[in-house]
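All chains should be built: construct the whole structure from the sequences, respecting the hints.
Protein chains in written order, with this note's numbering: chain A, 139 to 288; chain B, 139 to 288; chain C, 139 to 288; chain D, 139 to 288; chain E, 139 to 288; chain F, 139 to 288; chain G, 139 to 288; chain H, 139 to 288.
Hint data in this document are derived by calculation from the structure and do not stem from the laboratory. Careful: at least some of the hints might be erroneous.
Unchecked claim - Derived DSSO-like pairs (lysine-lysine); straight-line CA-CA distance at most 30 Å: (1) F/Lys284 / E/Lys185; (2) B/Lys272 / C/Lys142; (3) C/Lys226 / A/Lys150; (4) H/Lys142 / D/Lys185; (5) D/Lys266 / A/Lys269; (6) E/Lys226 / G/Lys280; (7) H/Lys280 / F/Lys171; (8) H/Lys185 / A/Lys284; (9) C/Lys142 / B/Lys164; (10) H/Lys171 / F/Lys226; (11) B/Lys266 / C/Lys158; (12) D/Lys158 / E/Lys226; (13) E/Lys142 / F/Lys272; (14) H/Lys272 / F/Lys150; (15) D/Lys226 / G/Lys284; (16) F/Lys164 / E/Lys266; (17) E/Lys226 / F/Lys226; (18) C/Lys150 / E/Lys185; (19) D/Lys142 / A/Lys280; (20) H/Lys280 / G/Lys142; (21) E/Lys284 / G/Lys150; (22) B/Lys284 / C/Lys185; (23) E/Lys272 / G/Lys150; (24) A/Lys269 / D/Lys142; (25) C/Lys142 / E/Lys272; (26) F/Lys284 / C/Lys164; (27) H/Lys185 / G/Lys280; (28) F/Lys226 / C/Lys158.
There are 8 protein chains.
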Amino acid sequence: MNMKIHILLGSKSDSAVGDKIINTLKQFDIEYKLDVASAHRTPDRVKSLVEESDADVFIGVAGLAAALPGSIAAHTTKPVVGVPVSGKVNLDSILSIVQMPPGIPVAAVGLDRGDNAALLAVEICALKDQKLAKQLEEYREKMRRKVTGD
Amino acid sequence: MNMKIHILLGSKSDSAVGDKIINTLKQFDIEYKLDVASAHRTPDRVKSLVEESDADVFIGVAGLAAALPGSIAAHTTKPVVGVPVSGKVNLDSILSIVQMPPGIPVAAVGLDRGDNAALLAVEICALKDQKLAKQLEEYREKMRRKVTGD
Amino acid sequence: MNMKIHILLGSKSDSAVGDKIINTLKQFDIEYKLDVASAHRTPDRVKSLVEESDADVFIGVAGLAAALPGSIAAHTTKPVVGVPVSGKVNLDSILSIVQMPPGIPVAAVGLDRGDNAALLAVEICALKDQKLAKQLEEYREKMRRKVTGD
Amino acid sequence: MNMKIHILLGSKSDSAVGDKIINTLKQFDIEYKLDVASAHRTPDRVKSLVEESDADVFIGVAGLAAALPGSIAAHTTKPVVGVPVSGKVNLDSILSIVQMPPGIPVAAVGLDRGDNAALLAVEICALKDQKLAKQLEEYREKMRRKVTGD
Amino acid sequence: MNMKIHILLGSKSDSAVGDKIINTLKQFDIEYKLDVASAHRTPDRVKSLVEESDADVFIGVAGLAAALPGSIAAHTTKPVVGVPVSGKVNLDSILSIVQMPPGIPVAAVGLDRGDNAALLAVEICALKDQKLAKQLEEYREKMRRKVTGD
Amino acid sequence: MNMKIHILLGSKSDSAVGDKIINTLKQFDIEYKLDVASAHRTPDRVKSLVEESDADVFIGVAGLAAALPGSIAAHTTKPVVGVPVSGKVNLDSILSIVQMPPGIPVAAVGLDRGDNAALLAVEICALKDQKLAKQLEEYREKMRRKVTGD
Amino acid sequence: MNMKIHILLGSKSDSAVGDKIINTLKQFDIEYKLDVASAHRTPDRVKSLVEESDADVFIGVAGLAAALPGSIAAHTTKPVVGVPVSGKVNLDSILSIVQMPPGIPVAAVGLDRGDNAALLAVEICALKDQKLAKQLEEYREKMRRKVTGD
Amino acid sequence: MNMKIHILLGSKSDSAVGDKIINTLKQFDIEYKLDVASAHRTPDRVKSLVEESDADVFIGVAGLAAALPGSIAAHTTKPVVGVPVSGKVNLDSILSIVQMPPGIPVAAVGLDRGDNAALLAVEICALKDQKLAKQLEEYREKMRRKVTGD
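This is the structure we're talking about:
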């Protein structure tokens, strides 16, 4: 059984963060798919993409009044990771993603932290995939060695 | 031809702000309707309420990651006024409503400023309603006198 | 009957945001006029421009302690849209425009969001102009296609 | 196979948020365990609790320089949810949990949002538990009805 | 020759700060006058009060998008002191008063600091009034003793 | 009788703001003097410069935990203008200058607003100097014309 | 050889934080002394208290534009701990104490964290006092047990 | 008896701040050692480095959710200085280091202020080292002369 991650970017201009997600995911045996869909400009597309998706985990990437992750979460009970994108204010996208109302959780990661969004999604998928779990351990071990330059 | 204002509260707990809106609107000859609908908990309800509404202006009231006004705006090209509701952070609801992405405008008013949301909606409606325009002038005159206690 | 939009920039240095407004308005059949007038340096000019204007909607653009939109609103009961201009602090112009006191509403849009200010003004004018309403729908449809690159 | 959630409170004074987590979890068929352990006062206890835990998902609750969720994440590759607790500053606990460095993700939820932390954890566990998945759907449906008071 | 201070409150609800100003001024031989006038609700009144005033120094007191001090400054080249009034956000009134654009200075004092606004005004007036200058020295000496409880 | 302005920069690195002050003062018939003195590195120098100065108004320029203006004010009952200098945080220097405790007022102007600090100082001095008062009026008139490009 | 800690409160109103410091210090064999002295109202007193003190470590407690710790540090090369006191803004006292300019360090602790200021001072003194070092270890052990309620 | 300072950088990318620390320490007769160790990526390494260190003072340097200084402090009762590193938000690392919970103090210095961290560490060590104490006095005197350019 394969786990799948569905990435939605709020705008093509968020692709630098999208690339960080993909570059991280590529280091794991995991399927993913990326779409561009705006919570504000194409709300129906967000809804249909989410409802028709067979993904196990969603990642929403958005800046400003970053509604996309919350909008994804509104249409699914699958876990949704939200990545705030940096801009002129930064507290806007961070707070718009973190401060979700009761009942509809979003898992916020740090500003522009596509890498961590990917890792969090892999951690979630690894709960039912031993191979992924092992790859995660190796990834972290590699990271440890990088800190100290060994 | 009658102008109509459709108020959506993100939650019943936003009713204090809702009351401010209604108390202000009651001073004008204008039709209004109030519904509770959450952008995150009932996104389809927001969509259908907005698409089926014959309102000229919408007012969305929400706290935290206040997505409701933007969510209304995503489903209409009618003017949408957004009222951030106060809480423990305040910058969250303000920025979530003000910092809308390009293409989908929301008219943000101040924190808990249901009164100003109502007045802005009336100002918009008054553009094609001479009676309302006159009532607005009288309202402002009364307000002026109140400042100085005359 | 023609709707008209009157744009006031607080300073010539705000012209980049002014250009965004005009470039957006040019895509609609709507009259507009642009003036430079400072709430602090030329308050009488703001007053006379506003009082003598036959505009249906005003747009005020200002940075720092961005008083211009509120100053316009003080002299009219027509709808006023306020655009905060970015600088070294950003929360200054945003809060100065959003946090208007009770009784004098301003419709705040996002930081440097001249495009959304224009769209909001067009949305307001479209309430009594079927042609504009249709152009807005087409504009949004075009925007939708642009999101997905169709 | 049973999924398990391990809740760590940074201090006994965080128990109000802990109660929100438990009250939410009790509505689902899911095992959980709660411990108090401080990242700063009892770092070894955090490490041993995490390393010896057979939990599938961790929830860390902390205020101020809320290091606990990140500290848990440092000792596991299981998903970690972080709940910032409110205080005199609020941006401190929010940013301390959201702004994790690359490589060690934490899933931040909103200020004092124990309920959403629980739901996010359940969503994650539900990926390999059909019964939980069904309970989540029912929970959300109930929530929808509550919004509109039906 | 007598120096005069003219205090303008943006709203009657700012009278607690107004009282602090007056209580401080009463300790000095200086004339003052207090009016309520709103930059947004009664802009013409602000203008006429300022232009017809024979005050040497103005003090403007306002909360939220605290435009009053800047509005006074727009109509005079006499020194204007601005007092931000506390509310739900606080950074709004502080930044709205401090971040004045080039050319129109306002002397901002701290949040709700009516006392300091009064002292600053007295300091300014004392430049051409030896008696006031002496009273200021005595006031400060008294304050010094109060710190240490002598 | 000549009025004098004494400018203190907290560091040589604040000289860009110092230049703005001087360039503005040069347009008026007013004496000024500039010194570099740090509230933290040379507190005794600040004290002696202030106590030995025959200035009518002081201007303190400082960034970060901008203590200089308050430190000047601690040693004189002459009016003190404070200019926060921009850096990586900005709210630090603004709040450090605005939020003075009761009893020791500082007149804060905007971030890097050396020009407004100079104008405020001139406004204060103009209270007992008709020529300066006239120059201020002319300056403002020139500024007005510049806004509109006349 | 006895280590000594000298506590300075910026105002009598900071005594709640002062009490936290003293209550913590009382648990250690260490001499301390407390004075009230304001950086702004009694700068000379701060200077003389510091210069005449035989303390090994200073603790400065202040709110608002909390200049006291920096002011102490300006007069000594002994370690100075700074405690920001909470108020209506909080970021003011925190940033005023943390953001010291190069050359004059202050050791900032958290908002109202008199307890941590005391502990930090004791840690510093314990470097040349084995008994204190042992007491610190015991204090921390007791704290550890308190976390888990053992 | 020689005092020793142990510097830990959270990441190699923090080396610019590390260099500031070292360049400052080099001006004093004091031993130091620098390691890279991440509170999140290599928590065990932080623990063992701290526990095996014979340093008198630790300096932790970190950005984002800057947990490193607190993490060091969790494993020692020696004084720990924390340096927040600048990034896209800045308030994140500042608050994560300043707002430590009761019982585990960290001495926070300003953003990127490696120089002050070094000086604070030297001040602490100088309490039992007359030579260092003298060097500190000379350093400060040199600094004083640099302010005024003598």
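Evaluation of the provided hints:
| no. | hint | verdict |
| --- | --- | --- |
| 1 | F/Lys284 / E/Lys185 | holds (22 Å) |
| 2 | B/Lys272 / C/Lys142 | holds (20 Å) |
| 3 | C/Lys226 / A/Lys150 | holds (27 Å) |
| 4 | H/Lys142 / D/Lys185 | holds (29 Å) |
| 5 | D/Lys266 / A/Lys269 | holds (16 Å) |
| 6 | E/Lys226 / G/Lys280 | violated (40 Å) |
| 7 | H/Lys280 / F/Lys171 | holds (25 Å) |
| 8 | H/Lys185 / A/Lys284 | holds (18 Å) |
| 9 | C/Lys142 / B/Lys164 | holds (29 Å) |
| 10 | H/Lys171 / F/Lys226 | holds (29 Å) |
| 11 | B/Lys266 / C/Lys158 | holds (27 Å) |
| 12 | D/Lys158 / E/Lys226 | holds (26 Å) |
| 13 | E/Lys142 / F/Lys272 | holds (20 Å) |
| 14 | H/Lys272 / F/Lys150 | holds (27 Å) |
| 15 | D/Lys226 / G/Lys284 | holds (23 Å) |
| 16 | F/Lys164 / E/Lys266 | holds (23 Å) |
| 17 | E/Lys226 / F/Lys226 | holds (26 Å) |
| 18 | C/Lys150 / E/Lys185 | holds (25 Å) |
| 19 | D/Lys142 / A/Lys280 | holds (28 Å) |
| 20 | H/Lys280 / G/Lys142 | holds (28 Å) |
| 21 | E/Lys284 / G/Lys150 | holds (9 Å) |
| 22 | B/Lys284 / C/Lys185 | holds (22 Å) |
| 23 | E/Lys272 / G/Lys150 | holds (27 Å) |
| 24 | A/Lys269 / D/Lys142 | holds (20 Å) |
| 25 | C/Lys142 / E/Lys272 | violated (60 Å) |
| 26 | F/Lys284 / C/Lys164 | holds (28 Å) |
| 27 | H/Lys185 / G/Lys280 | holds (20 Å) |
| 28 | F/Lys226 / C/Lys158 | holds (29 Å) |
When each numbered hint is compared with the structure, violations occur for hints 6 and 25.
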